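A.B. asks: So the protein lines, in turn, are chains D and W. When we follow the working numbering, the leftmost residue of the first sequence carries the number 1, and every step to the right adds one. When we follow the working numbering, the leftmost residue of the second sequence carries the number 267, and every step to the right adds one.
These are calculated hints, taken from the structure and not from any lab test. Bear in mind the structure is a predicted one, so any value in this text is a computation, not a measurement. In this text, a Cβ means the ideal position worked out from N, Cα and C, and glycines have one as well. Each hint should be verified, as a subset may be incorrect.
Unchecked claim - Chain D is faced by these chain W residues, among others (derived, beta-carbon under 8 Å): (1) Glu331; (2) Ala661; (3) Ala665; (4) Val684.
To be verified - Label-pair ranges, simulated between beta-carbon atoms: (5) W/Arg611 to D/Val157: 32 to 38 Å; (6) D/Lys82 to W/Leu754: 53 to 59 Å; (7) W/Lys677 to D/Asp83: 19 to 25 Å; (8) W/Asp676 to D/Asp83: 19 to 25 Å; (9) D/Thr65 to W/Val752: 29 to 35 Å; (10) D/Thr247 to W/Pro596: 52 to 58 Å; (11) W/Ile609 to D/Asp83: 35 to 41 Å; (12) W/Asn699 to D/Glu81: 48 to 54 Å; (13) D/Glu81 to W/Arg682: 33 to 39 Å; (14) W/Arg682 to D/Thr247: 50 to 56 Å; (15) D/Glu78 to W/Leu754: 56 to 62 Å.
Stated by the list, open to error - Restricting the straight-line Cα-Cα distance to at most 27 Å, the calculated cross-link-like pairs of lysine-lysine (DSS-like) are: (16) W/Lys677 to D/Lys88; (17) D/Lys137 to D/Lys178; (18) D/Lys88 to W/Lys597; (19) D/Lys202 to D/Lys137; (20) D/Lys178 to W/Lys677; (21) W/Lys491 to W/Lys296; (22) W/Lys405 to D/Lys89.
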Amino acid sequence: MTNAAVPLIQVKNLRKSYEDGATILKGVSIDIEEGDLVSIIGPSGCGKSTFLRCLNCLEYIDSGTISIAGVTVSRSLEEEEKDLDFDKKFLDACHRMRQEVGMVFQSFNLFPHKTVLENIMMAPMVVKHVREDDAKKQGLELLDKVGLSNFADKYPVTMSGGQTQRAAIARALAMQPKVMLYDEPTSALDPELVGEVLQVMKNLDRDGMTQVVVTHQMNFAREASDYIVFMHGGEIIEKEDGDVLFTQPKDSRTQSFLRHLNGVTY
Amino acid sequence: MRRLRVFLCALSALAFLALSALAADKPVLKWGGDSEGNVPYMFMDPRDDKIMIGFEIDIVNALAERMGMTPQFVHNGWDNLIPGLNLGLYDIALSGLEITPEHKEEVDFSLPYYKTFLQLVVQRGNPVRINSLEDCVGKRIGTLKQSYAFFTLVDAGVDEIRTYDNEINAYQDMAHDRLDAVLMDSPIAIFYAGFNTDLEFVGEPIGEIDYGIPVRKGNTELLDKLNAALVSIRDDGTLRGIYDRWNMWTPVMAKFFNDDSPARFGPDKFSAWAEYQRQGMTLIQRFERYVGFLPTFGKAAVVTLEVSVCAMSLAIVLGLLLAITRLFAPKILSRLATAYIEIVRGTPVLIQLFFIFYGLPNIGIKLSPFMAGVIGLGMNYAAYEAENYRAGLMAVPRAQMEGALALGMDKRQALRYVVIPQAVRVSLPPVTNDFISLLKDSSLVSMITLIDLTKAYGQLANTYYDYFGIGIMVAVIYFLLGLPFVRLARYTERRLAVAIRGNRSGKHGRDTTLRPASYHN
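With these hints in hand, go ahead and build the complete structure from the sequences.
C.D. replies: Given below as structure tokens:
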């Protein structure tokens, strides 16, 4: 446990627009403590996925500051004007940030030309120069952890969506990240396969992993999360315990979103 | 070094020269000539295709002996003999090169060693009644490219001139009624048309042709030596003897050498060749002859294969660099790569080869024919390969790059371990296709003095007047050369295909093509 006074993730005034000028994030700030499991919900286009992708620099922020486990990525007009070397430093920080943060995608993104075990071994060997034996040992342990011991030599294409997503989680864990991010991890799965993936995430939570999940699985968000963040129009509207948020939403936009959910999918 | 040896090895198809070069440590007289089918000038001995014979070979040997030098032959296409000379590929050239004002602008010539004229040949019976140069106007006339005969026809106002690379094709085309007449140097007419009963000689001798030996401008030392040797073999009757034996002594020559003595030798070399032309062949003889070509084709195939494999290796590596530069490098480099691809794809590869081989020496870059061939073809094909790779790279979902970046890899690692291995699978079929194509395009290197399969085919077909059988043979060889590579590619494709099928993407997936723009920054 690190100093409790400093949250593991600190985000200040994050802004992001796309090239066409549409503003996606309008100054998002949030602190997330170590060991928390946080779900982010909100309507399509509210910026929740973009926010998550900013956290490991798959999208570059326009301005603001992100600090995760001691790595800071920040950007502002003044900094860019002052520092001729800014671009290089910024990209460098992004690269370091990604090594502290694991990411799981909706579309899995396993490497189809490699077996499951090779998928898991690759990044530690390439990025951290871990020896092959050690990478393999760790890989097998991780596969065991996500319940895929028998799948080490399978190719991703031969596996179900749930198995593939669990393998993707194992692959991200192999870099021993401080934080795991999930971008709609179960949206591409058949309903009966959703549970096995969520179970892996619950197990990780029990082990003390810090996790941020963008999700449409309201049940999961409500029961497994330490708290839920509701985003709308590029802003964080509410940050609240699940039961409270679902039963007594404060903001009218949250109320509207939940009413909609109940009417359509729930 | 090994490559150099193989290259030399290919040239030793002209083994007699290699042997004579080894024989003594006398200074070497490098001479250029067109080894492809110039009876009686220089051609493969029909009885042994490893030996080159011809009256010019006899003359070179006599001259070299008189100069105390060892002759060493360098092949080059007839059109390029003078550029090759000025490039320093060899120091003199003999191949029926006419002393014309155009030629004299570029090189200095020795005294003439042979004087002759142009001969009109028509179909038997002279169906269109051509008896003079004037009669040729409005008719279809064939001749050799860039020859004195060609310019004579142009000056005479003949507007339908068909030009050929080799003489046999012209005469055959006339026999097939595609031409009304053929105008060529008299020795060519005698040797190529004289035995064809479908053809007939008509008209008076036309024009005046002096064959001379070019040296580079200002190389007076060599020129003086050459002229002295020439005078010496003329005065002691050696030269006359050569012409007698090849049946080339004519009234024109008698007048030119001021020598009206009777022949000293019978035309044995001419007769041997003539008799060979008259022989019919049984199928078995024909088959044995084809088998006899195999060593020649084998050596040529090695050249073809070496040029192709080396050029393709270059194209594959350079193409990958170009594709990655085009997709992932900063804008200015990316534009440069695009420009390279567009320019190289948009210009003929033959021009590029000539530019590299004959043009670059002007700015001090001299390349061996092999290197020039490999670099020229390699750089050309790199442009095509780059586009194949680009297609392959674009076909890898962008999510793959993101997946790798999210694992902490940098862009280069992501490309190397994740994106490129997958792109290769997509690019493999078109790359294989290009290699087969390159295998055939490599025949262009014969234009810069290498003797590859196509050149060997030309030499043999021209010697034996057999474009049909030998043509099938060389086609089969090309096919067999490409086959292992096609098989290998299929096998690799099948093996690689295991995993790539059914690459899933999410229901709400983002743009899944690899869009490099967002990685620029």
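A.B. asks: Against this structure, judge whether each hint is valid.
C.D. replies: Status of the hints after comparison with the structure:
1. A distance limit of 8 Å between C-beta atoms decides the matter here; for W/Glu331 the minimum to chain D is near 67 Å, and the interface restraint is violated.
2. Residue-level restraint check for W/Ala661 is violated (minimum Cβ-Cβ distance to chain D is 12 Å; threshold 8 Å).
3. The criterion of a C-beta within 8 Å of any C-beta in chain D is met by W/Ala665, whose closest approach is roughly 5 Å, and the hint holds.
4. At its closest, the beta carbon of W/Val684 sits 5 Å from a beta carbon of chain D; the interface hint therefore holds under the 8 Å criterion.
5. A beta carbon spacing of about 36 Å between W/Arg611 and D/Val157 agrees with the range 32 to 38 Å that was offered as a hint.
6. A hinted range of 53 to 59 Å holds for the C-beta pair D/Lys82 and W/Leu754, which are about 57 Å apart.
7. Separation of W/Lys677 from D/Asp83 is about 22 Å and conforms to the stated range, judged on CB atoms against 19 to 25 Å.
8. At about 21 Å, the beta-carbon gap between W/Asp676 and D/Asp83 stays in the expected band of 19 to 25 Å.
9. Checked against the given bound of 29 to 35 Å, the beta carbons of D/Thr65 and W/Val752, roughly 58 Å apart, lie outside it.
10. Under the hint 52 to 58 Å, the C-beta atoms of D/Thr247 and W/Pro596, about 54 Å apart, fit the expected range.
11. Range check, W/Ile609 to D/Asp83: about 39 Å between beta-carbon atoms, so the 35 to 41 Å window is met.
12. At roughly 52 Å, the beta carbons of W/Asn699 and D/Glu81 sit within the given window of 48 to 54 Å.
13. Checked against the given bound of 33 to 39 Å, the beta carbons of D/Glu81 and W/Arg682, roughly 35 Å apart, stay inside it.
14. Checked against the given bound of 50 to 56 Å, the beta carbons of W/Arg682 and D/Thr247, roughly 52 Å apart, stay inside it.
15. The hinted range of 56 to 62 Å is satisfied by D/Glu78 and W/Leu754, whose Cβ atoms lie roughly 59 Å apart.
16. For the hint linking W/Lys677 to D/Lys88, the alpha-carbon distance of about 14 Å falls within 27 Å, and the restraint holds.
17. For the suggested pair D/Lys137 and D/Lys178, the alpha carbons sit about 20 Å apart, so the restraint of at most 27 Å is met.
18. Simply put, D/Lys88 and W/Lys597 have alpha-carbon atoms about 17 Å apart, close enough for the 27 Å limit, and the pair holds.
19. Taken as a hint, the D/Lys202 and D/Lys137 pair is honoured in the structure, with Cα atoms around 24 Å apart against an allowance of 27 Å.
20. For a cut-off of 27 Å, the pair hint linking D/Lys178 to W/Lys677 stands: about 22 Å separates their Cα positions.
21. Restraint check for W/Lys491 and W/Lys296: satisfied, since their Cα atoms lie roughly 14 Å apart, inside the 27 Å limit.
22. Among the hinted pairs, W/Lys405 with D/Lys89 is inconsistent with the structure: their alpha-carbon atoms are about 78 Å apart, more than 27 Å.
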